[in-house]
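Taking the hints into account, I'd like the entire structure generated from these sequences.
The numbering used here numbers the first residue of the sequence shown as 1 and each following residue consecutively.
The hints are simulated quantities; they were obtained by calculation from the structure and are not laboratory data. Note that the coordinates shown come from a computational prediction; the quantities given were computed from them, not determined experimentally. One should not assume that every hint holds.
Claimed, not checked - Listed next, with one range per pair, are the computed distances between beta-carbon atoms: (1) A38 x A116: 29 to 39 Å; (2) R35 x Q75: 19 to 29 Å; (3) A116 x H46: 17 to 27 Å; (4) G108 x L59: 39 to 49 Å; (5) Q75 x P9: 20 to 30 Å; (6) A115 x A49: 25 to 35 Å.
C-beta: ideal position from N, C-alpha, C; glycine also.
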Amino acid sequence: MRHGPIITPDMLPGNDGANINGPSLISMPDRVPGRLGAYYLYFADHTGAYIRLAYSDSLHGPWRIHPGGVLSLDQCPFIVGHIASPDVHIDQKLRHFVMYFHGPAKSGEGQITFAATSVYG
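Below is the structure:
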């Protein structure tokens with residue numbers, strides 16, 4: 001296994017590399033249409049506007065950043081301020097992905113955990 005960071009600030013656009021945390025790594029099933037790599041690494045900026053994605057065909061890298069990430073604050077009208085802490089799981093029975101994430105609820109209830117599903121990861 002290589003030593004050192006998998007994701008570095010210079011891999012992300014602008015100031016998006018200032019805060020890199022909350023990684024969730026999965027092995028992508030071969031059945032997923034249009035998969036980008038054998039492994040997906042979801043991560044966030046704890047005050048960011050989107051959930052980020054890096055992908056690779058090897059755990060050793062190289063890792064590439066998927067521009068624009070996979071889930072943005074704009075896609076979640078029930079959250080304000082930031083979206084963070086992705087935790088991704090594969091539901092083998094339903095053949096889809098579930099991403100748990102959190103953000104401040106627009107309703108003012110504080111930080112709440114939400115779930116999003118996808119067949120593409």
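Kindly indicate which numbered hints from before are broken by the structure, ordering the numbers from low to high.
-> 1 and 6
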